[in-house]
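Asker: Line order of the protein sequences matches chains A and B. If you read the first sequence in my numbering, its first letter stands for residue 1, the second for the next number, and so on. If you read the second sequence in my numbering, its first letter stands for residue 1, the second for the next number, and so on.
Check the hints yourself; a few may be wrong.
In silico lysine-lysine, DSS-like type, Cα no more than 30 Å apart, as pairs [unchecked claim]: (1) A:Lys228 with A:Lys150; (2) A:Lys150 with A:Lys10; (3) A:Lys114 with B:Lys121; (4) B:Lys14 with A:Lys228; (5) A:Lys82 with A:Lys228; (6) A:Lys150 with A:Lys8; (7) A:Lys8 with A:Lys114; (8) A:Lys228 with A:Lys93; (9) A:Lys82 with A:Lys114; (10) A:Lys244 with B:Lys14; (11) A:Lys244 with A:Lys114; (12) A:Lys228 with A:Lys3; (13) A:Lys244 with A:Lys150; (14) A:Lys93 with A:Lys82; (15) A:Lys244 with A:Lys228; (16) B:Lys14 with B:Lys76; (17) A:Lys114 with A:Lys93; (18) B:Lys167 with A:Lys10; (19) A:Lys10 with A:Lys82; (20) B:Lys76 with A:Lys228; (21) A:Lys3 with A:Lys82; (22) A:Lys150 with A:Lys93; (23) B:Lys60 with A:Lys8; (24) B:Lys60 with B:Lys167; (25) A:Lys82 with B:Lys60; (26) B:Lys121 with A:Lys93; (27) B:Lys14 with A:Lys114.
Computed list of chain A residues with no C-beta within reach of chain B, every gap over 10 Å [said to hold, decoys possible]: (28) Ala160; (29) Gln193; (30) Glu210.
These aren't lab readings, by the way, just hints derived from the structure by calculation. Glycine residues also receive a C-beta, built at the ideal position from the N, C-alpha and C atoms.
Listed below are the residues making up each chain.
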Amino acid sequence: MTKMLNLKLKVWRQDGPDDAGHFEDYSTTVADDASFLEMLDYVNEQLIADNREPIAFDHDCREGICGSCGLMINGQAHGPQKGTATCQLHMRKFNDGDHITIEPWRAAAFPIIKDLAVNRAAFDRIIESGGYITVNTGAAQDANETPVPKEAADAAMDAAACIGCGACVAACPNSAANLFTSAKIQHLNLLPQGQAERFGRTKAMVETMEDYFGSCTNYGECQEACPKEISVDFIAMMNRDYAKSMIVNRRRLGERKVG
Amino acid sequence: MTQAMERRGADAPKVHSTQRTNRPWPVEFWSSAIGKKWVMAVTGLGLMGFVFAHMVGNLKMFLGAEEFDAYAESLKTLLYPIIPENGVLWMFRVGLIVMFGLHIASAYQLTRMNHRARPVKYQSPRDYIAANFAARTMRWTGIIVGLYLLFHLADLTWGWFQPDFVKADAYNNLVNSLSRPPVAAIYIVANIALGIHLFHGGWSMFQSLGLNSPRYNGARRAFAAGFAVVVAGMNVFFPIAVLTGIVSN
C-alpha cells in the first residue's frame with residue numbers, strides 16, 4: 001500500500017557561485033514509493049506553478065550509475081541508505097512528518113553553481129593527469145591473451161565501480177578526494193595493462209588531487225558514504241604506490257645523462 | 001600529452017599552490033600530503049615505542065625506591081663503555097625531539113591544508129557514521145599531550161614546580177609530585193587523552209603506510225585498542241597508585 005508522507009524540507013538556495021546562499025523551508029506531500037529526486041521534482045512543479053524559481057540539482061540516469069546526483073541529506077552524503085546514490089534513495093526510508101535538510105556538497109574544489117548543483121571539474125583534472133592507459137592499438141588480440149588472476153580482476157572491478165559522484169569528498173571532514181583518486185588509480189594499477197605506467201600515473205594523479213583537495217586522516221567516512229561501497233583499502237594501496245613512485249618512477253627513463 | 005585542449009564548462013579552482021619542479025625525492029615526498037602522512041606514521045610509530053618503553057620502565061616504581069633509582073641511573077650508562085656516559089640518552093633525546101618536531105609540523109601543515117579545502121562549512125549538522133570520537137579529536141588530544149609533555153618535563157626533569165626537588169632522586173621526586181591531587185589529576189587527564197590519541201593513531205598509521213592486507217586487517221584495530229589501553233591504562237594507574245599509597249616514600 002502506498003503511504004502518503006507529509007514532509008518539511010529545508011533546502012539550500014543559492015543564486016550563483018558568488019551569492020551567500022540561505023536555507024528555505026518548503027512542505028510537500030509525496031507517496032512513499034517516489035524516489036528522492038521525484039520528491040524534489042514535485043516540489044519544483046509546485047514552485048513553477050507558483051511562478052517561483054525551481055530548485056537546481058544535478059541528475060541524469062536516475063539509476064545509480066552516472067554519478068551526476070549527489071545531495072547532503074540530513075548531514076549524510078546521499079542520505080541514510082548505505083551503498084545508494086541519491087537517485088536510488090526512496091521516500092519509504094523516511095517517515096510521515098519528517099524534517100529533511102538538503103545541502104550541496106561543500107568543498108573549495110567543488111564551487112556551487114546554483115542551489116544544490118556543484119562543479120566537479122576537479123575530478124576531470126585528476127583523470128586527465130593519468131587515469132588512462134596509453135596503448136598502441138594494433139590488431140585486436142584474442143580474448144584472454146593477457147592472463148589476469150580472478151582476484152586481481154575482482155579487485156580492479158570493485159575500484160572501477162566508482163561513478164565519480166563526489167560523495168567521498170562531501171562526506172570527508174577534510175574534503176579529501178583520496179577514495180576517488182585511489183579507485184581511479186588502482187583499477188588500472190591492479191591489472192597487467194596498467195603496469196607500464198603504474199608509478200608515473202600514481203604520482204601524477206596524487207599530485208593533481210593535492211592541488212584541489214584536503215588530506216586523508218583515515219576517518220573512514222568516505223567508504224560509508226560511497227554509493228558503490230568502495231573500500232578504503234584502495235587508499236592504502238595508493239599510499240604504497242605513491243611512496244614507491246618516489247624511487248621507481250619510469251617517466252624519465254628515456255633521458256640519458258652523459259658523463 | 002600536455003597539449004592545450006579546450007575545456008568544456010567552468011574549470012576547477014585550484015585550492016593549494018604546491019610547486020611541482022624536479023627536486024630531490026625526500027623534499028618532493030615531504031611536499032605531498034601523502035608523504036607527510038608517512039612521516040606522521042613513522043614518527044608516530046617511533047613515539048609509540050617511546051611511550052611503551054617509558055611505561056615499562058615506570059613499572060619499576062612498584063619494586064621500591066632502590067630499584068627505580070637504579071633503573072633511572074642505568075639510562076645514563078646505556079651501552080657504556082662502548083659509548084660515553086649519557087651518550088645513548090642524548091641520542092634518544094635528540095631522536096625524540098626530531099620525531100616530535102616532524103610529527104607536529106606535518107600535523108600543523110595538513111590541518112591548514114584541510115581547512116583551506118573546505119572554507120565554507122556545512123550549514124546543517126553533520127551525521128557522522130564512521131568517524132569516531134578519537135579520530136575527530138586527534139588535533140585536540142595531540143595538543144593536550146604536547147602541553148602535558150612540557151609540564152611533565154618541567155615537573156620531573158627540571159623540578160620547576162617542586163620546592164624540595166632533588167636532581168637524580170627520581171623515586172622521591174615522583175612520589176612527592178604525584179601525591180599532590182591537582183598534579184595527579186593533570187597526569188590522569190593527559191594520559192586519557194594520550195590513550196584516545198593512540199586509539200586512532202595506532203590504527204591510522206597502518207593505512208598511511210599502505211599496510212593493508214586481508215590477512216591482518218582485522219588485527220590492526222585490535223592492536224591500536226590494546227596498545228592504547230595498556231599504555232594509557234598503566235600511565236593512569238601510576239598517579240592513582242601514589243595517591244592511594246600503594247607507592248610511597
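Asker: Can you confirm whether the C-alpha distance between lysine 244 of chain A and lysine 150 of chain A stays at or below 30 Å?
Answerer: Distance ~25 Å between lysine 244 of chain A and lysine 150 of chain A Cα, so the pair holds.
Asker: Does the structure keep lysine 228 of chain A and lysine 3 of chain A at a Cα separation of 30 Å or less?
Answerer: It holds: about 29 Å lies between the C-alpha atoms, which stays within 30 Å.
Asker: Within 30 Å, alpha carbon to alpha carbon, are lysine 244 of chain A and lysine 228 of chain A?
Answerer: holds (28 Å)
Asker: If you draw a straight line from the CA of lysine 121 of chain B to the CA of lysine 93 of chain A, is it 30 Å or shorter?
Answerer: holds (27 Å)
Asker: Need the status of pair lysine 76 of chain B, lysine 228 of chain A: alpha-carbon distance at most 30 Å?
Answerer: Judged against 30 Å, a Cα distance of about 57 Å means the pair is violated.
Asker: Has the given pair, lysine 114 of chain A with lysine 121 of chain B, been kept, meaning a C-alpha gap of at most 30 Å?
Answerer: holds (17 Å)
Asker: Are the Cα atoms of lysine 14 of chain B and lysine 114 of chain A separated by 30 Å or less?
Answerer: Roughly 20 Å between the alpha carbons, so the hint for lysine 14 of chain B and lysine 114 of chain A holds.
Asker: Given the hint that lysine 150 of chain A pairs with lysine 8 of chain A, does the C-alpha gap stay at or below 30 Å?
Answerer: violated (49 Å)
Asker: Just to be careful, I want the Cα atoms of lysine 82 of chain A and lysine 228 of chain A compared with a cutoff of 30 Å; is the pair within it?
Answerer: Judged against 30 Å, a Cα distance of about 9 Å means the pair holds.
Asker: Would the non-interface assignment of alanine 160 of chain A survive a Cβ cutoff of 10 Å against chain B?
Answerer: holds (19 Å)
Asker: Assess, step by step, whether the Cα of lysine 3 of chain A is no farther than 30 Å from the Cα of lysine 82 of chain A, and give holds or violated.
Answerer: holds (23 Å)
Asker: Are the Cα atoms of lysine 82 of chain A and lysine 114 of chain A separated by 30 Å or less?
Answerer: With Cα atoms ~27 Å apart, lysine 82 of chain A and lysine 114 of chain A stay inside 30 Å; holds.
Consistency note: the structure conflicts with the earlier hints numbered 2, 6, 11, 16, 18, 20, 22, 23, 25, 30.
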